[in-house]
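With the sequences and hints as input, model every part of the structure.
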Amino acid sequence: MLEPPTKITALVVDDDTINQMIHHRLLDNLGIRNQVVRNGKEAIDVHCSGKNFDLILMDMEMPVMNGIEATRKLRAMGIRSMIAGVSTNTRERENFMKAGLDDYQEKPLTTSKLVSILHKVHKDG
Amino acid sequence: MDVMTQLQRQWREHTAYLRKEGYLDDQFEQLQKLQDENSPDFVAEVVSIFFDDSEKLLNNMARALEQKVVDFKQVDAHVHQFKGSSASIGAMRVKNLCIEFRNHCEAQSLEECVRCLRKLQYEYSLLKNQLEYLFKLEQQIRAAVV
Chain Y
1 MLEPPTKITA LVVDDDTINQ MIHHRLLDNL GIRNQVVRNG KEAIDVHCSG
51 KNFDLILMDM EMPVMNGIEA TRKLRAMGIR SMIAGVSTNT RERENFMKAG
101 LDDYQEKPLT TSKLVSILHK VHKDG
Chain H
1 MDVMTQLQRQ WREHTAYLRK EGYLDDQFEQ LQKLQDENSP DFVAEVVSIF
51 FDDSEKLLNN MARALEQKVV DFKQVDAHVH QFKGSSASIG AMRVKNLCIE
101 FRNHCEAQSL EECVRCLRKL QYEYSLLKNQ LEYLFKLEQQ IRAAVV
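Note that the protein sequences, when read in sequence, are chains Y and H.
Mind the numbering: the first sequence is residues 1 to 125 in my numbering, read in order.
Mind the numbering: the second sequence is residues 1 to 146 in my numbering, read in order.
Because the hints were derived from the structure by calculation, they are not lab data.
Straight-line C-alpha distance at most 30 Å; calculated DSSO-like pairs for lysine-lysine:
(1) Lys73/H <-> Lys41/Y
(2) Lys73/Y <-> Lys73/H
(3) Lys113/Y <-> Lys33/H
(4) Lys113/Y <-> Lys128/H
(5) Lys113/Y <-> Lys20/H
What follows is the structure, encoded as structure tokens:
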């Protein structure tokens, strides 16, 4: 079955199982196809495998590769997806934004925070 | 009043009580909103993971504080994780205690940390009992539909 090209896709990048479940469900509920990875390196790997997403929800503090480094790397790779940082670490917020975020939201994510992020997603080629 | 109506009222009253007493905040309601026919056990599943994670983290904190030379950064890392997960499910009182605990870690005060851990263990077990009661009510409500 052909997927209509206007469906939004998302990548959840978070090391915490509870956040993974909640963010996955939030996206599912809004009809957004999504995938979950556990850290920045897995996020890079999934892009290297050829996948692309309209929206990336990026946690900041993760093992192996954190959100700041992952965001920098993705931008350096030419990835222009909307990247929304999701964190509780207000001290690093500026560094996180500078790494290449389009938006930043405080955890925990809610439906309304997600909707406000989605309003900013551009669906162009 | 039939059994179903009674159970539903008990459920509503208990949820309101948990909110009023500050055990739970708005975030828990957000989780409940994510539950539907497609995901009827969502909240229970998330909370079950929370219980497992919490018990692991509390053990880790206890062990870290028992060391001859306490690594406060390590203790803080565990508390930070616990703060995150409790915030994610709306466990307000537990989360606030974690915030207090982190201050003691930063001050490297062993006595305060140990005291805070005890409070945290107690608060967590209270919450666990309350949530398990809530889920039992839900199970009974579902059984009463038959």
